[in-house]
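Input sequences plus hints: build the corresponding full structure.
Chains as they are written, first to last, in this note's numbering: chain A, 3 to 1080; chain B, 11 to 362.
Some hints here could point you the wrong way.
Here are a few chain A residues that face chain B, going by a calculated C-beta distance under 10 Å [what the hints assert, rightly or not]:
| id | residue |
| --- | --- |
| 1 | 233 |
| 2 | 236 |
| 3 | 276 |
| 4 | 353 |
| 5 | 532 |
| 6 | 549 |
| 7 | 987 |
Far from chain B by the CB rule (all over 12 Å, computed), these chain A residues [said to hold, decoys possible]:
| id | residue |
| --- | --- |
| 8 | 151 |
| 9 | 222 |
| 10 | 427 |
| 11 | 612 |
Keep in mind that the hints were calculated from the coordinates and are not lab data. All of these numbers come straight from a predicted model, not from anything done at the bench. Backbone N, C-alpha and C define an ideal beta-carbon position, used for all residues, glycine too.
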Amino acid sequence: MSSQKTKSAKNLPKKVLVIGSGPIVIGQSAEFDYSGTQACRALREEGVLVVLVNSNPATIQTDSETADKVYIEPLTWEVLEKIIEREKPDAILATVGGQTGLNLASELEHKGILKKYGVKFIGTNGKAIELAESRLEFNKLMEKIGIPILPGKIVKDFNSAKNFAESSSSGYPVIIRPSFTLGGTGGGTAHNEEELRQIMELALRMSATKEALVEKSVIGWGEFEYEVLRDSNGSAIIICNMENIDPMGVHTGESIVVAPSQTLSDIDHQKLRSAALKIVDAIGIVGSCNVQFSMNQDSGEFSVIEVNPRLSRSSALASKATGYPIARVATKIALGYTLSEIENSITGTSAAFEPALDYVVVKIPRWPFDKFPKSSRIIGTQMKSTGEVMAIGRTFGEALNKALRSLEIKVPKSINPDDHLYPPTDLRIFAILEAFRSGRTVAEINKATKINPWFLARLKETTDFEKILAKENLGKEMLLKAKRLGMSDKWIAFLKNQENKNEALTELKIRGLRKSFGIIPTYKIVDSCAGEFVAKTPYFYSTYEFENEAKPLPGKKVVIVGSGPIRIGQGIEFDYCCSHAAFALREMGISSIMINNNPETVSTDFDSSSRLYFEPLTFEDVMNIIENEQISGDFEGVIVQLGGQTSISLAEPLANAGAKILGTSIDGIDIAEDRERFRALANKLGIPQPKNDVAMSESEALVAAAMIDYPVVVRPSYVIAGRAMEIVYNDEELRRYIHEAVEVSEKRPVLIDKYLDNAIECEVDAIYDGKTLFIGGIMEHIEPAGVHSGDANIVLPAMRLSEKDKKTIEDYTQKLSKSLGIIGCVNIQFVVKDTIVYILEVNPRGSRTVPFLSKAIGVPLAKLATKVMLGEKFGEKLALPTQGAGEGQQKSTHFAVKSIVFPFLKLMGTDIALGPEMRSTGETMGIGKSFEMAYYKALLAAGIKVRNQENKGAAFISLRDEDKKYAPKMAQLLQKLGFSIFGTLGTVGSVQSAIAISKIGKGHPDVIELIESGTVTLVINTPTKGGRANTDGFKMRRASIQMNIPCITNISTAFELLKALDELKTQKLDVRCFDEYG
Amino acid sequence: MIAVLVLKDGTTLQGIGFGAETTSVGEVVFNTSMMGYQEALTDPSYGGQMLVLSYPLIGNYGINKFENESSKIQPSGFIVRELSPNECHKDSISSVDKFLKDGGVPGIYGIDTRFLVQHIRDKGVMPAILATSTREIDPKSLLKKLEFDYSAIDFVSKVSTKNPLIFGKGGKKKIALIDYGVKMGIVRELVARGAQVHVLPYSASAKDIKEIAPDGIFLSNGPGDPAILTDAHKMIREIAGYKPIMGICLGHQLLAHAFGGNTFKMKFGHRGSNHAVLDLESQKISITTQNHGFAVDKVPDGFVVTKINLNDKTVEGMQNKSKQIISVQYHPEASPGPHDSRHLFDEFMKMI
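Structure, rendered in C-alpha cells:
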C-alpha cells in the first residue's frame, strides 16, 4: 500500500485502543481480522501508537507486526478497563471489531470508564452509535428526516408485542429483532401468537438492553444494501450497492448477494442512494456505515430496515467486491482526514470517488449443516452460516457458477424443489436449478420464492443451456458459450456423460479439448474504476474474453493455494497460515501469488500478496492460473500445505498435470492419508496405533469391530475435521452409522479404530527440513481422547505427560517426519494411555493449531515452514528457534490455553455434548503465569462466564455412570466456591447438602424450571452418548444454552474450571501485553 | 445478427448485433455508470458518438417512459458486453433491443468491452464504424468507409430545437434556456422549482432572449467542440450582465470562450457518475455525473474557479460575481447519477 499523502497536519491522537472481535462465531467471522488489521496499519502509517485487544490468536491482527502493543486477553469491559488503566490511550476506535467491539465500547462509555481515563472516541462516537443501534432513537430520527420505516414497535414484554402484532397497522407475520445483538441472534419471524411468545422470550433474553423491535413483516420485498463512507466535514460517498437475491425474510448474511444491484433502474437506485446519505448524515457517522433497505418492486415503495454504524461483514464484502479499501479509508477519516485529503492507493487518484464495477460479484453463504444434520436447514432472519464465498465474472451466470463451485459442498443427488423453495433452506439455489431442469417456469418459481424474475431467468438460462450442451456436438462455439456461462470442465463432462451413457468424458478430456480450441481464461483486473484509470492493483479474476491483463509476473514466484470459505473444521487458522506464507515470500524477495475465494479474510486483501487471483479453489481454476503464470518468469512451485484440506487435496491432481508442488512429496502425503499405507509405516517404525481396520462393507465392518473390541471410532477415509465420525459401542450403533455415513464420501471405505477410553490426547506441530526437525510444542488436550481435537481445550506446555512420554513423542515425530519425507509442516496427534504412546494420525500440512502455537511460543511457524519448503535449512540460512518442545518449553514461564466457541445458540435442535465430530466455529487464547489463570481467561474469552454474585448462584450436576464417583469431590469444590448444589438423584443422592431434583416433568421444580427461573447459573452434565434429542440431558443442555449460562459437558473440563475458579479467589485476573510473557 | 466494430486504428471486434440492421459512424467514447443506460442513450451530448458502457450487464430493467432525456436516441452506436434477454421492472415498456431498432441505431454485444475501454483510455477517443447485418460483413471494406472528424462537425445545430418551446407554464420565474442539446433532466429540475422554462434554439440572439424578458438565462449542455460555436460566444458576451446566467457542461465551456478563456480536448474525457468534485469554499466533495470530452483550461478574467475535479484537478465550476454568472462542468440534474448537486438549481433560482 502506498504511503499516505495528506495535506494538512492533523491533531492526531498519540495512542489508540483498537478492540478486536474475538473468536469466530456465526455472524462474526474473519472479516473483522481483515478490517481490524487494515485499520491498525492505517493508524500506524500516521505514527499513531496502536494498542490492540483481541482474544483470538488466529488473527493477523494479533501478530506483533500489526500493532505496537498486542493484548491477547478476554474481551470483557473489566479486562478492557485494566488495559486502559495500564496503557492510558487517549482514544478508542470502536468500529472495527464488529458488534463485539461496538457493544464493549458502549459499555465502557456507559460505565463512565472512558470519561474516567480521558479516552475519547475517534470516528463515529458513542452518541451516533446509540442513535444507530437503539431502535427507539433510530426510528424517531427517521421520522424526523422523513425516511420511511416499517411499522413497528419497541417492546419490553410479550403483551406489548402481541398487541402490536394484532393491531391494524401490522397483523401476522411479524419480525422480532432484539436490540444490540449479533447476526440477528434471538430474532425471528412469528406467524402466530405461539411463535411470537417463543421468539419474544429468547429475544428479550438475548438483547443487551432487554428490548426488541416487533415489526411488520415485508417478506418478499427486495432487499438492498448501501455501503457509505462519511467524513467529519459531512462529505459522503457510496462505495457499493448490493442486492440480496433472497428477498426480505432472509438475513442479509444468509442471502445470496450480488453487487452491484441488478434490478434497480437509475431512478430507484438514486432514491435509495440519497436516502442512505441522508440517514448517515443525520446519525453523524464519521467513517463507515452500512444501510439496509427493503423495496416493494411492484410499487416502488421503500423503507429503511437498519444501519450498522461500523465496519461490517457487508463492508468487507464491498471492499473485496470493489477493490476499495474501506477499513483503511474509514480509519483515516476517524483520524480527522477528509475524503478529499485521502489518496486511493489503488489508482493513485483521490479516495473520494464511487467505485465503478465492470463485472458482477456474487456472494454465497457457507452453512454448517453438513456438521449438524439434526439442525433445521431453514434459513431466516437469524444467521446460521459460518462463512461465505465470493466470485467475480463478466456475466451473472459466470459469477454465480464460479461461486457455487467455490462452496466445496456436496449437493444431494436428488433434491425435491418443494422442500427448499419456501420456507427457504441452504439448498434453495440448487432446488431452483432442479425445478427448472424438470420444466417449471420462472413465473412458478417467482410465485413460490418471490425472487426477482430477472435472477430466475438467468438461472433458467443455465439449465436451458445444459440441455443444449448435452445434446449438441461439443464444438468450439458451444464450449466457449459454456465457459462464458461459468460452467466447469467437470460439469460439462458430467452433462455429456449423463446424456450419453457410452461417453466417458473426464474433466481432463474437456480441458484438453478446450485448450485445443484455444479456449483459455483471460484475467481481468479489479481496479475500482472500470478501466478509467491505470490501476496498480494486482487483483484478478478469470473470464473468457479477448484480452488477458494478467501478464505473467517476472522473476521468482510461488503460488499459494488458499483455504476457501470459513467452515467448521477449516477456519480462519488456515487463512492465517496462507497470509504468513505470503509474508515469508516477501521477506525472501519472491513474488507470492494467492488464490482464494473468501471475501472476509486478510489473505484476499490486495496488498497481502504480490498478486491475488480471486478464484474458485478447484483443480481447473487453480491449474489455469498456474499455466498462465508459467508462461514466463521463474515459477518455483505451489504451496498446498497451508490451506487445510482444500489445498492439500489439490496436490495430487495439480502434480499429475505437471505443476511443481513445494514441500512434502505427493507420495508422502498419500502415505499419511492412506490408512493401509500408513499402518504399514507405523508397523515398520514400531509406533503403536490403536487397533484399527478398514471395511468396504457392512459385514466387513461388523467383523472388524468385533475383532478390535468395542467401543470403536468409525469414520470415512479422507475427512475434514471428523466429518461423520462417531464412537459406537455395539453392533446396532455400527449398523446405523454405516447406513447414514455411506453418503459422506464417495467410493471410500469406512475406517474403524479402537477407542481408547480416558486417555490423554496430545498433538504436535512441527517443521522438518529433510534433516533437522523443529517441534513447536507438545500440546495437551484437557478433554480425554474421543473429543475432536478441534473441540478440545488445549494447554501448552503439557501438564500430565511424563518426561518419558514427551521424549517418545519427540522421537516418533522425528521418525515419522523423516519416513514420510516431510518438507515443511506436519501435525501429529497422539494418545497416551497407561504410559504407552499411540499414534492417532498424521496431517502432512499446517494444522489449525499453528497460529495458537506460533503465538504461544513466539515463533512464526507458517513463515518458517514456507522458507523450508523453498529449500532453506535450519542451522544454515534459517536459525533453529530455541523455544520449541523439549528444553525450550521447560524454560517457559507462562501457560497458554486454547479454548473454543460453539454455534449451539444459533442452531436449534443440536445437542451440545461433545464427540468426535468437530463442531466449534472459533477459538480463543488465554495466557497466564499459572495454568488456572490461562485456562480461566481462555474460557472467559470464549464467553463462559460463571456467575455467582454474592454467593447466590447454584450449580446443577448430573453425571454419567462412569463419572458419578467424582460427584462428592465436585460438590465439595462447588461448595467451596459458594454455590448451592442441585443434582439428579443418581448423581447427588449420596452427597450431603446437595438437593436432589426430580426428573423433568415428574415434579416441581424440575431442572428446566430451575434453569429458566435463573436459580441455576452453572450446569455440569456429562452425557452418556450424544445425539438423542429426547433425553432429559438434552433438554437440560438446550435450556442452559437458551438461558446463556455455562453448561460443561466434560468431567475434565469441569474440574479444571472449578480449580481455576478456586485459584482465582486469591489471585487477581491480571492483563499483560503479549510481549511481556517470556 | 452479426456485428462488427472497426476503430480508426484498425482494431476490429466481432460480436452479436442488436437494434437496427445498419452501418453507422461516430467517435467511440466510454461511460462508467453502472445504471442509467436509457438516460445516456437519449442524452443529446452523445450526438456523433458511439457509446461503450463499461458495466457489462445492460438492459436488465428495460426502457421506461420516465427516463428519456430527449425525444430520440442520440449516440450513433451502442456497445455492450451483455444484453439482457429479458427485462424485469414494473415500469418497463420496451427492451433495449427494440428501443434501438425503433430508433434506427445499431448495437453490438458479446465483445470484450473492458479491452475497448482501456484501449480508448490509452490511445484516446477515436472514430469508429459499426455495422450490423444478418449477412456477412467484411471488416476491411468497413475501415475504408470510415471518414469522420468529430471536431469539424457542428452537432449542436442537429440536436437543438428548431422552434421555441415552453415548459412549466404559469411558473413564477421565467427562464430562457438556450438549447445546445439540452437534457430534459435540466428542464425538469427547473420546472420543479417553479420556473417557466422557455427553450430557445441554439441560434437565439441576445435580442431574442430579451424579448422573452426572462428572470434568468440558462446555457445548456450539448455535444461537440465548444471552440467552433463562435456565434454562441458572441451572444453570451452580449447578454452577460443582463440577468443571472447559469451554464452546464457545454454551456460552461461556452462561457469560458465568450470571455477570453479556453478549452482543450481531453484524451478520453469524463463520462460516468462517480467523479468527486471538490467545492473550494466548503471543502466538501460531491459525487457527480459527468459527460464531457472538452474541459476549460483557461478561466477568463473576472471569473474564479469554484470547484475542481479531485482526480485530474480540471475546472469543474466557475463564477463571475459581478456579472452574476455561475457554471459547472458536470451535471447537477444527474439523470442518470447521484442527486448530490441538485441544490445548485436552488442556488440559481435564488439568484434570479
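Violated hints - listed by number, lowest first: The structure conflicts with hint 7 only, although it agrees with all the remaining ones.
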